[in-house]
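*Asks:* If you want the building blocks of each chain, they are given just below.
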Amino acid sequence: MTSKSERIFDVLVVGAGPAGLAAATSAARAGARTAIVDAGVVPGGQYWRHPAPNERGVSAAEVAHLHHDLATYRRLVAGLAAAAQFSQHHVWTVTRDRDGFVVHVVDRTGGGERAAELRSRRLILAPGAYDRQIPFPGWDLPGVMTAGGVQALLKGHGVVAGQRVLVAGTGPFLLPVAAGLAESGASVVGVHEAGSPLAWLRELGAVIRNVGKLGEGASYARVLARRRIPVHTRSVVVSADGTDAVERVTIMRLDHRGRVVPGSERTMAVDVLAVGWGFTPQLELPLALGCATRVDVDGSLVCEVDDEQRSSVEGVFVAGEACGVGGAALATVEGEIAGTVAAGAASVAPRLRRSRAALRRFAQAMHRSHPVPAGWVDRLSDDTTVCRCEEVPFGALRSMQQDLDAHDGRSAKMLTRAGMGYCQARTCGYAVGCILGQEASRTSGFAERPVSSPLTLGALATSSPAEHDSPAS
Amino acid sequence: MTSQPHFSFDGSQIPFRPGQSVGAALTAAGVRSWRSTRRGGRPRGLFCGIGVCFDCLVVVDGRPNERACLRLAEPGMEVSTQEGTGHGDLEV
Amino acid sequence: MPDVVVVGAGIVGAACAYYAAREGLTVTVLERGTVAGGTTSRGEGNILVSDKEPGPELNLALASRTRWLELAAEFGPDPFELEEKGGLVVATSDPGAAALTRFAEGQRAAGVETVAVSADQLHDHEPNLAPDLPGGVLYPQDMQVQPVLAAVSLLAAARSLGATVVRGEEVVAAERGPDGRVTAVRTRTGSYPTNAIVNAAGTWGGQVGERLGAPIPVLPRRGFILVTEPLPRVVRHKVYSADYVENVASDDAGLETSTVVEGTQGGTVLIGASRERVGFDDTMSVAVLRRLASLAVRLFPFLADVRLMRTYRGFRPYCPDHLPVIGPDPRIPGVFHACGHEGAGIGLAPATGRLISQMLANGQPDIDPSAFAPSRFAQVTA
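Protein chains in written order, with our numbering: chain X, 107 to 579; chain A, 4 to 95; chain H, 1232 to 1613.
Rather than coming from a laboratory, the hints here were simulated on the basis of the structure.
C-beta atoms are modelled at their ideal positions from N, C-alpha and C, and glycine is treated no differently.
Some clues are possibly wrong.
Reference excerpt, derived from the structure (chain A facing chain H, CB under 8 Å, subset only) [said to hold, decoys possible]:
no.	residue
1	Arg41
2	Asp64
3	Asn68
4	Thr88
5	His90
6	Gly91
7	Leu93
8	Val95
Label-pair distances were calculated between CB atoms; the ranges are [stated by the list, open to error]:
no.	chain 1	residue 1	chain 2	residue 2	range
9	H	Pro1285	A	Glu81	55 to 61 Å
10	A	Glu86	H	Gly1307	29 to 35 Å
11	H	Asp1536	X	Met374	42 to 48 Å
The whole structure should be built from the sequences, with the hints applied where relevant.
*Replies:* Here is the structure:
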C-alpha cells in the first residue's frame, strides 16, 4: 500500500489564474513536489480564460486577439508540466493535519461530483476575485450580466452576449470588455463610467511609473474611438427595464459630488447590459484557515501578507487578487514570489520586489480613481432585489433596521435571509454591508463560507480520508 | 452540411460548438433564461458567467441545480428549464 | 437606576428581560456582541419535549412550551414562525425500538403526548424515510421557532415596556456594597448601578459568573449543523433517530453524533446533531460533517443527491448534570443565573424568563426551581 507520505505534496496551489500559474511554475522549477488545483477546465483563471479543449469547436486561436501577454501564459502553462494538475476540481474547504494541510475537493470532471482530499505541506492560495456588484432596479432581469461574465462568454466560449450592449459601472475593466464586444460583432451602445475623468490627475505619480499600463488603456480607447463607441464619464446606470429580459437601460449624469443630476435621464434600447464595479476577492479559504485580513483601499476585505506573500498562518501563502485587487501583472509577480519562497528560496529577487511595489502603487491609484459611486443605496426602491438568490428586496433590509433595530450582517442573514442562498453572499455581500453602513469585515458573516463549493451529501458521506488517485493533466 | 452537435432544451434542438458551456450555447441560440425563481417565479439566466452567482441553474439529464455556465455541452444532453428548487418531485 | 441588569441578549436574556419588564421592573440588557449572536443563532430553533426523560427538565419544557404558544398568540400573527410540526423519533434497530417504546411510556406518564408508530405507519408520517426502519414514536407537542426573530421580538417588546438594550458592552465585574449585595455591574466602558444582575450569558455563563465573583460550571459542547440547498417540503416533522436521546445524557468527551433532520420555512433541510467537548475550538471538522451526512442519508436516502450548501457550528452551554442553572447565587446576593441550557435553550427560554422574573419580583415561582439551583454544585457554597 502506498504510504501516505509519498502522496503529500510540498506545495499545493489553489487557483490557476495568473497568480496560481506563476506560483505553481516557480515552485515546480525550484524542485518542490507541486500540485495545482483549479475549478476551470483549462488553466488561465479569468484573465487568461480559454475554451475547454475540444475537437473542431471553439479554438484558442479565435480568441487570441482578446488576450494580452499570451507568451507569458504559454510559458507558465508549459511550466505546469512538472506539477500535478487537478482541473475541474472545486475546493470546498481546507483543514490542517499533522503534516500540513488537507485540501478537500469536489471533482466535477465529466459532469460528476466526487469528493476527495489532497495533502500538502505548504499551501499557496490564489483564489482570485469576481465582479463586485451593486443592485439597482431591474438588475435581476435576464440580459443584465456582469462585465466579467460577458468577457468570459467571449474568451471561453466564443459567444457574444447580445446584439446591442451597453457597458456600465466603474473601473478600467469596462474598456477591454467593450472593445472585445465591439471587435466580435456586437453593437456597443456606449460605455458609461461613473468615475470622473480628472481623478487620474490626483494619482499622477503612480500612473507615470506604470506607463506601460497606460498604453494598454489607450489601445482600448483607440478601438472604441475607431468604432465611434462613446465613452461617457460621470455617468451611471440607474435602472434596467423590460418584461422578462432587459429591453431598456436608463442612465443619468453624476455631478462633481457624485450625485445624480435631476432631469439627466436618458433611456436606451439594449438586449444586454454589462455592469462592473471593480472586483471582490474570494476569501473563504484563507478565512477558513484563520488568515489575518484587512480592508483595502477599494473597500474589499483582503488577506494580509508580508513581502514574501506569507499570510499570518504558518505554511500558508496567498497571492494575487486575494491580497488586494491589482490585476494580472501584479498577480503574476506575487505568484512567482510565493512559489519560490514556498519551495524554499532564501530570498526574493530585487526585480520582483520592485515590480510588486510599483504595480501595487498603480493598483491603489486605480482604486482611488474608480470608487463605487456613493448614493446608490438612495436609488433603491423597496422592491429592488438585493439578494438575488433568496429574492430579498431592499425593503426587508430597511425594515429590519427600522423596526427590529438590527444592523449587523448576521442578523440580516437570519432575519431577511439575505446571503443565505446558493451563492452564499458572494453576490450581495458587499451591497448588504453598504446598506447596513458597515465596512467589510471578517465578522460581518458575509465573507466566510465554510462550504466553499456545494457538494451532494452522498458525495460527502462516501468520501473517505484517503489519497486522490490519478491527477488529470 | 457538417453535422453540428446539438442538445435538447425543453424539447428544442440547440446547436453548439464543442468547448462551449450549456449556458453559452443557449445564449448563442438567443435563449436568455432557463430558470424560474422559487418565490417570485421570475426568469433567470446567466449573470456572472463564471460559476460564482448560481443564477444560471438548470436541469441537465434530470439533475437540477447545474450551473449552466460551467457545464460543458455534450451531444444528446437533455437540458430543461428549472422550476424553483428543481426538486419538485421530492415534495410530500 | 434599573431594577435589574440582564447580561446577554440571547434567547434566554431576551426572555428574562421581557418577563421582568412585564412584572413592572426596569430592565437594562447588556450585550457585548450582537443580539442573538451567540448560541441562539447556531441551533435549529427546537422546542422539544420528545428528548427529555421524566424529571425537572421535562416539567420545565412542558411549561415553557405553553409559554411559547402564549407568546406567539400575544405577539401575533405568526411573529416568529412558530410551527407545531411535531417530532418523530425513529428507531434504527429492534432493540432501539424496544428502548424507545419504554422511554416513551415513561414520558407519557409524565404528561407528554406520544403516539406509537409501527414500521408500516412510518411512511404515512414521513414518506421519504428509508424503507427498512422498525418503527418510532410521534410527539405532537414538539415545535419549531425562528430563534433570532424570537429573541429580537422579545427584546422589542421589552423595550416597549421600558427596557433598554445596550450593545457593545462587556461585563467585567460586579460591585458590591458593605452588606455584600450587588450595587452595580462594571463593564469595559463604565458602570451600571443596580441591585440585581441576571447572568444570561449562555455558553459564556461560566466566564461571566467568574467575573461577577460567582463562578458556575458551564462548559461549551460544540455542535455542527449541515444546511442543504433549498427544497420543497420533503420532511414534515422534526425527525430524530432514537439514539439522540442517549447522546444528550452522555458525558463522553469524544464525538457523538446522532441524526436529526428537519425542513425549514426557507426550504433548506437542517441536519444535525453532533456533540464534542473541544473547548471553544470553532475550526471546521470534515470528519463530523461526513458522519452527519452519512447518518442523514441512512434515514432519508433521497438526501444522497441533495447538496450541502452551507454549515454552521455553535457551542451549547453544558453543565455537568445536564440541567440548566436558574436561580439566585448563594454567594452574592443580587446575582441570579439563567444559563447552561445545553441544546434546549430555545425551548426552555420563556419558562426560564418567567421563573427569573418571579424570583426578582419576590413572587411565587410557578415551577419548582430547586433542581436548577446554583447551590447544587459543590463549588457553589454560600
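*Asks:* Between Glu86 of chain A and Gly1307 of chain H, does the beta-carbon spacing fit 29 to 35 Å?
*Replies:* Holds, at about 33 Å.
*Asks:* Please verify that hint: Leu93 of chain A, Cβ, nearest Cβ of chain H, below 8 Å or not.
*Replies:* holds, 5 Å
*Asks:* Please check whether Asn68 of chain A passes as an interface residue: C-beta within 8 Å of a C-beta belonging to chain H.
*Replies:* Check passed: Cβ of Asn68 of chain A comes within 6 Å of chain H, closer than 8 Å.
*Asks:* For the hint on Val95 of chain A, just tell me whether its beta-carbon gets within less than 8 Å of chain H.
*Replies:* holds, 5 Å
*Asks:* Identify whether the interface hint at His90 of chain A stands, where standing means a beta carbon of chain H within less than 8 Å of its own.
*Replies:* Holds, because the Cβ-Cβ distance from His90 of chain A to chain H comes to roughly 5 Å (cut-off 8 Å).
*Asks:* Measuring from the C-beta of Asp64 of chain A to each C-beta in chain H, is the shortest one below 8 Å?
*Replies:* Check failed: Cβ of Asp64 of chain A comes no nearer than 13 Å to chain H, outside 8 Å.
*Asks:* Hey, does the Thr88 of chain A contact hint survive, CB to chain H under 8 Å?
*Replies:* Holds - the Cβ of Thr88 of chain A comes within 8 Å of chain H, reaching about 5 Å at its closest.
*Asks:* When you take the CB atoms of Pro1285 of chain H and Glu81 of chain A, is the distance between them in 55 to 61 Å?
*Replies:* Distance hint for Pro1285 of chain H, Glu81 of chain A holds at roughly 56 Å.
*Asks:* When you take the CB atoms of Asp1536 of chain H and Met374 of chain X, is the distance between them in 42 to 48 Å?
*Replies:* Holds: the Cβ-Cβ distance is about 45 Å, inside 42 to 48 Å.
*Asks:* Do the numbers back the hint for Arg41 of chain A, that is, is its least Cβ distance to chain H under 8 Å?
*Replies:* At about 6 Å, which falls below the 8 Å cut-off, the nearest Cβ of chain H leaves the hint on Arg41 of chain A intact, so it holds.
*Asks:* Given Gly91 of chain A was flagged as interface, is its beta-carbon under 8 Å from a beta-carbon of chain H?
*Replies:* holds, 6 Å
Hint check: a violation occurs at hint 2 only; the rest are consistent with the structure.
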